[in-house]
Amino acid sequence: MKWYLKVLPPFFLLLAWEIASIIINNPFILPTPTSVAAVLLTPTADILGSGSIINNALLSVWRVILGFGLAVLCAVPAGIIIGRYRTIDELVNPLIQLFRPIPPLAWVPLALAWFKIGLASIVFIIFIGSFFPVLINTIDGVRRVNRTWIETALIYGAKGWKLLVYVMIPAAAPAIWTGLRVGFGVAWMCVVAAEMLPGTNSGIGYLIMYSYNWGQVQVIIAGMIVIGIIGIGADLLFRSVEKRKFQWQEMNR
Amino acid sequence: MTVIIQNVGKIFESLSRDPVIALDDISLEIKKGEFICILGPSGCGKTTLLRMIAGLEIATSGAILVEDKPVIGPDPRLAMIFQEYSLYPWRTIRANVAFSLQMRGMAKEERNAVADRFIRLVGLDGFADSYPYELSGGMRQRVAVARALATDPAVLLMDEPFGALDARTRNRMQKELLEIWDNTKKTVVFVTHSVDEAVYLADRVIVLSSRPGRLAGIYDVEFPRPRDRTSVEFASLRRDVLKLIDQLEESQ
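Protein chains in written order, with the numbering used here: chain A, 50 to 302; chain B, 46 to 297.
Hints listed in this document are in silico derivations from the structure and should not be mistaken for laboratory results. Keep in mind that a hint or two might mislead.
What the simulated footprint calls covered on chain A by chain B, stretch by stretch (three residues with Cβ under 8 Å from a Cβ of chain B suffice, anywhere in the stretch; the number is not a length) [stated by the list, open to error]:
1. 187-200
2. 203-209
3. 213-222
With a straight-line cut-off of 16 Å between C-alpha atoms, the simulated EDC-like cross-links for lysine to aspartate or glutamate are [as the list claims (entries may be wrong)]:
4. B:K77 <-> B:D197
5. A:K208 <-> B:D248
6. B:K230 <-> B:E179
7. B:K220 <-> B:D241
8. A:K294 <-> B:D120
9. B:K230 <-> B:D248
All figures in this text were calculated on a predicted structure; none of them were measured in a lab. Even glycine gets a Cβ: it sits at the ideal position worked out from N, Cα and C.
Take these sequences, add in the hints, and give me the full structure.
Take a look at the structure:
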C-alpha cells in the first residue's frame, strides 16, 4: 500500500479530535491536539514539579528492565528444564495453570504487604506479569524441538549439556524470543499500572495520574502517546531481531 | 563381517493395546563395503530394524554387532541419514557437516577443513556458507550424506533418504550415491519402499514381511553397475521382487 494511504487514518483521527475539541470547548475534558503537541515537543520541560516526560519515561523503562530482566533470568532456565523433563512438567504444570490466569494487578495488595510502596513492589508486579509468557513460550519451544534434530544429535555424539547448548536451545530460540517479546509488552503495561498506585511519586504512569489531579488533560494524553510510542518501539526492536536471526523458521520446510 | 544381526526381535508394548510384534527373529550378516537394501510393505518394521542398528531403538531380543562389538546406543561407528528435516537450519552447510566433529571437540579450523572436503565430495562446492533453507531438497540430502561421511563411520544407515524427492532428482541422487559409495567403500544399509531403487542400488536386496516383520526373501543382485533399468535382467529381478511383495501384502 502507498505510504500516503497509510497516513490517512491517523490524519482523520487528528481531524476528528480537533473538531471535537472545538465543539466541546473544554480543555479539562478534551484538550486540542496542538496543546498536546506542545507538551510532546518539549519533552524535557518540568511538569508541575514532577520532572519531565522524558525523565519519567526513562525511569519507567528502567523499572521494566529490572522486572523483565529478572523474569527472563528465572523463566528461561525454568522453561528449558520443564520442557525437557516430562516428570518435572507433570509436577509443576498444575501450579503454572493455577497462577497463570491471575492478572498481575491482582498481586498488587500482596506486593504492597510484602514490599511496601516503592521500587520493589513495582518490579515484583512487572516480574509476575512477564514471567508467565516467557515461561510458557520457552516450555513450548523446547517441547516442540523436531525429534529428528534430537536423534541426529544423539547419533553424532551430542549428549547432556552439548545437546542442550547446540541443539535444544538454538532450536527453541525463536519460540523463546516470541516469549520475550510478549513478556516485554506485558511488562510495559504492568509498569504503567503499577505506577498509578497511591504512594508512587515517579514514572510515566505516576505522571499522568498526577496530571489528572491537576486537571492537566493535555499532559495525560501526551503521556499516553509516549507510552504507546515506547511500546511500539520495543516491539519493532524485538521483531527486527526475530527477522534477522530466525528467518530460517519460516523458510525451513 | 561389519554388521551381524542375530535373531533380533522387537515388541512394542503399549498400555492400551496388545503388544505389537514389529520384528521377529531377524538374522543377517552384512559384509564390509556391501550395499544392502531393505525392502518391504509399509509397516513391516524396516525402519525399526534400521533404527535398532543405529542404536536409536533397543532390540527386545537378540543382538546386533557392529565390527564385533554390540550396539547398545547411538554410536560413532554408525551414521544415519533421515528422510528429511535433519539438517540444523540455524547452522551453515559447513557447520552442519562439521557438527559431529565439533561434538568430538575437534578444533574449528581442522573440522572446517574436513567439512569442506566432504562438501566438495558431494558436489556442493560454493555452498559451504549457505543455509539449508537456501538449498533444494536434493542438495539438502547431499549435505546429510556429507555430514554422515565426515564422521568416518563404519556403516552408513539411510532411511528412505530420497523418498521426499521428485523422480528426476531421485534418479540423479541414486547415481551420485553409488559414485560416493564407490569412492569411500563404506558399508551401506539403505531402507526403501521402492523396488526399482533397491534393484538399482543394492548388492543384496532384503525383503521383509509385515506384522510380524520377518525375513521373507534375499536377492543377490549380480549384474554390474551402472545398471540399465531397461535391461531384461533388471526387469526380471524387479518382477520377482515385486511378486513377492504383492504376495506378502495379500496374505496380510
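Quick rundown of the hints versus the structure:
1. 187-200: holds (count 4)
2. 203-209: It holds, with 5 qualifying residues against the three required.
3. 213-222: holds (count 5)
4. B:K77 <-> B:D197: holds (14 Å)
5. A:K208 <-> B:D248: Given that 16 Å is the threshold and the Cα spacing comes to 35 Å, the pair is violated.
6. B:K230 <-> B:E179: violated (30 Å)
7. B:K220 <-> B:D241: The hint holds at about 13 Å.
8. A:K294 <-> B:D120: Given pair A:K294, B:D120 is violated - Cα atoms ~32 Å apart, limit 16 Å.
9. B:K230 <-> B:D248: holds (13 Å)
In terms of the numbered hints stated before, the structure departs from hints 5, 6, 8, listed from lowest to highest.
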